[in-house]
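With chain L's structure known, arrange chain D on it following the hints.
Below are the chains, spelled out letter by letter.
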Amino acid sequence: MKLFWYKIKNFFSKLPDRFKKTSIKAVYDSDLMNLVESLGIKDSIETGSYLCKFCATPITFENLQAIQKDGGELKFICSRLECFSKI
Amino acid sequence: MIPTFIPILAQNTLMVVGAIALILGLIKLLFELIPQLGRLKSDFWRWIAGKWRGRKLIKNAIASDIETHVNEVVADLQNELPAGWIKRASIKWITEIKDLDLEEGEMILRIRPLENQDQNFLSGVYAFFTRALFPKTKEVIPANARKAAVLRIAYRTITEKKPFLKQSFEDSFLETAVRDDPSVATYLGRYDRLDKKGFFTGSFLREIHEIATRARFHELRGRMNQEIDEILTHIEGFITNLERPIGDTRAPRATIPPGGWYRVGPATSYAFLLVARPEHQGVRPYINRAQERSAQRIERLYVMGAKEQEPFARYVISEIAKLPNYKLIEVFNVNKDYRGTQGGIGALFVISQTARQNEGDPEI
Numbered sequence: 065m066k067l068f069w070y071k072i073k074n075f076f077s078k079l080p081d082r083f084k085k086t087s088i089k090a091v092y093d094s095d096l097m098n099l100v101e102s103l104g105i106k107d108s109i110e111t112g113s114y115l116c117k118f119c120a121t122p123i124t125f126e127n128l129q130a131i132q133k134d135g136g137e138l139k140f141i142c143s144r145l146e147c148f149s150k151i
Numbered sequence: 003m004i005p006t007f008i009p010i011l012a013q014n015t016l017m018v019v020g021a022i023a024l025i026l027g028l029i030k031l032l033f034e035l036i037p038q039l040g041r042l043k044s045d046f047w048r049w050i051a052g053k054w055r056g057r058k059l060i061k062n063a064i065a066s067d068i069e070t071h072v073n074e075v076v077a078d079l080q081n082e083l084p085a086g087w088i089k090r091a092s093i094k095w096i097t098e099i100k101d102l103d104l105e106e107g108e109m110i111l112r113i114r115p116l117e118n119q120d121q122n123f124l125s126g127v128y129a130f131f132t133r134a135l136f137p138k139t140k141e142v143i144p145a146n147a148r149k150a151a152v153l154r155i156a157y158r159t160i161t162e163k164k165p166f167l168k169q170s171f172e173d174s175f176l177e178t179a180v181r182d183d184p185s186v187a188t189y190l191g192r193y194d195r196l197d198k199k200g201f202f203t204g205s206f207l208r209e210i211h212e213i214a215t216r217a218r219f220h221e222l223r224g225r226m227n228q229e230i231d232e233i234l235t236h237i238e239g240f241i242t243n244l245e246r247p248i249g250d251t252r253a254p255r256a257t258i259p260p261g262g263w264y265r266v267g268p269a270t271s272y273a274f275l276l277v278a279r280p281e282h283q284g285v286r287p288y289i290n291r292a293q294e295r296s297a298q299r300i301e302r303l304y305v306m307g308a309k310e311q312e313p314f315a316r317y318v319i320s321e322i323a324k325l326p327n328y329k330l331i332e333v334f335n336v337n338k339d340y341r342g343t344q345g346g347i348g349a350l351f352v353i354s355q356t357a358r359q360n361e362g363d364p365e366i
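Protein chains in written order, with the numbering used here: chain L, 65 to 151; chain D, 3 to 366.
Chain D on its own, in the form it takes in the complex:
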């Protein structure tokens, strides 16, 4: 005969196990959704590893620390870089593998004990961005331009989040890349200038990624360097005009010539629309300019909002989104706005299919 307390005990044990599993699941979900909580996890593993120094514990501590630091950065970049580029980083420990299990271009990185954690972090960040930037167009974009982009993003990230590693990154990764290929230094300087006004991640990376996607099986692929150079030159010219005072004004409309607002290239055409000064006639002038670009058959419209007037910029974006000519693709954050102030907002519109059909869209 089964004592009566056993079914009750079994039932209670199941409830307790279920509750623990549910709580652990919720904690895991919270860690997944809020990267900032990862620091708690990584501190916990570090503490445990420091106490017992088990190999598995040390591995957990290292992986958790690298993941946390990379993911803290990634959380900000997710809203800045093109959608889908940046996913959370995860260290996948490999103890054995068959040659065939490795995909082309894939890498296994050696991670050394905790004492080398700064070096592990630098290598991890660099490996992460090398893998994450320009998904599917890596082979199309020239190595020097792509490498400089990876270095620029990694450098900015490290400078902001781990300033004590800035020097180390400069001395190792930057110095080596520049020594190896001096053209990387030229790109770095030019990217830096764009980044200070929000045009590097805002429009430049999006534009060359789009061109590379279209040029993949096109003769333009052989002229990617030239195309990148021309886009850089255009945006640099735009910034120069933006910074140039005319009389006592620095208003973009006064300083930028009409043709400077857009570029028509062999693969894409894009235009800029800068949004600020809500006191001047409200949203109508911006709508008119967006319609002008559509009439000019400018395919991609970048709306860049000043940080100071972000709510108004959002309003303008929502009003342009109502136009049938343009389709809203993305609303993104920028590191700095076009005035150089930290923060800001941007949006990318593309000419809608209906507008294309009405005007007969030429394909490259």
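This is chain L alone, in the form it adopts within the complex:
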């Protein structure tokens, strides 16, 4: 009987979880330029001033795979899977 009530309680307590979401922030390829402009880093990317957080390759519009906030700063991850899988 206790398990029955546990199940009922569990069902209702977990119900809100069904609507909660883990959101993955994403930028579509063609919106990338817009995004970096809004972050004010377009020029720095064009001049190759940013380096990949893991392999230190200069970040370009072609190889930029992810932007992450780390230690209060923006860090960049290049499109090599070796680097992305280190996140």
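It is worth saying that the hints were derived from the structure and are not from the lab.
Nothing here was measured: the structure is a model prediction, and the numbers come from that model.
Beta carbons are placed, not taken as given, at the ideal position from N, Cα and C, and that holds for glycine.
Hints may contain errors.
To be verified - Using 25 Å as the maximum straight-line C-alpha spacing, the simulated DSS-like pairs for lysine-lysine come out as follows:
hint, chain 1, residue 1, chain 2, residue 2
1, L, Lys139, L, Lys89
2, L, Lys117, L, Lys133
3, L, Lys89, D, Lys309
4, D, Lys309, L, Lys71
5, L, Lys117, L, Lys150
6, D, Lys163, L, Lys139
7, L, Lys85, D, Lys138
8, L, Lys84, D, Lys30
9, L, Lys106, D, Lys58
10, L, Lys150, L, Lys133
Said to hold, decoys possible - A short list of chain D residues far from chain L (calculated; beta carbon distances all over 10 Å):
hint, residue
11, Ala21
12, Ile22
13, Leu28
14, Ile64
15, Glu105
16, Glu106
17, Glu108
18, Thr235
19, Arg246
Chain D only, in chain L's frame:
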């Protein structure tokens, strides 16, 4: 003068709009509650995007496809991993953002056109599990152990749900992680062994999450690697004994030494109770063993039920839940039961506050 048909038309239009909104709302609710329906949604967006190739349509198609595939997996894991860890995935498209709007550790993932959808999916799954596993204890759990856990869950998920991407995941994410830090390979092997008997998600992840929660502001935080290693060693030893035949028997009671059933660590203590064989004296022996553990002041009791006797295992769980000494925290599914059969059930009990007070609970 207003013609008489206008109020009637306005009233009818409102009714039609209301009905359409209600139907759309219900469809949305159904999609939210039944992840399997998401495939219909994602096929619809793919079809539309294929027809018109509008940028917004393509974005919808990509997001819907990744969400659907991740959520199909998530639906199963919600009942397996600790409560609250796994929520449904949602792709939030960002077109512009201010530096300050990003939280510490948060990431914006670049998604490429539909032709790269397999790669998008792999990246999405990996990003999802990295974010979802060990909420609030990520920083406490050593990176190599945590990463191996994310890889293990992601790998199992991809192998089961998208077998054609298994090789690609192995060649990219697994290979890189192992090359980068060989200790990840050791953890992967050990996790695999636990996972084949249901102890990886069933007890191991729950246990280290609990320890990490308690060790957050404690000197134990510096010894998390050692603690994880000791828990792994204990569970591996338990499995070895479980698999070891003695004479013509493989009955756990015959093969596992009394001290092998539990572990008392610096932060937590836990014990296992394996449930099967309903023909042997019913529920009483299990209740007695649960009471023994309580008398030993074992704080956390994992009841692991064999798939074959799941109804009986549920009965045992409900009977233990009646004991005043233990409080039922969670009933969960396991990927495999302790015999290695697909499926099974587990439950976590913790010693109740009353039992603690009666015996004087030491804090870490």
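*Taking each numbered hint in turn, which are not upheld by the structure, reported in ascending numerical order?*
3, 6, 14, 15, 16 and 17
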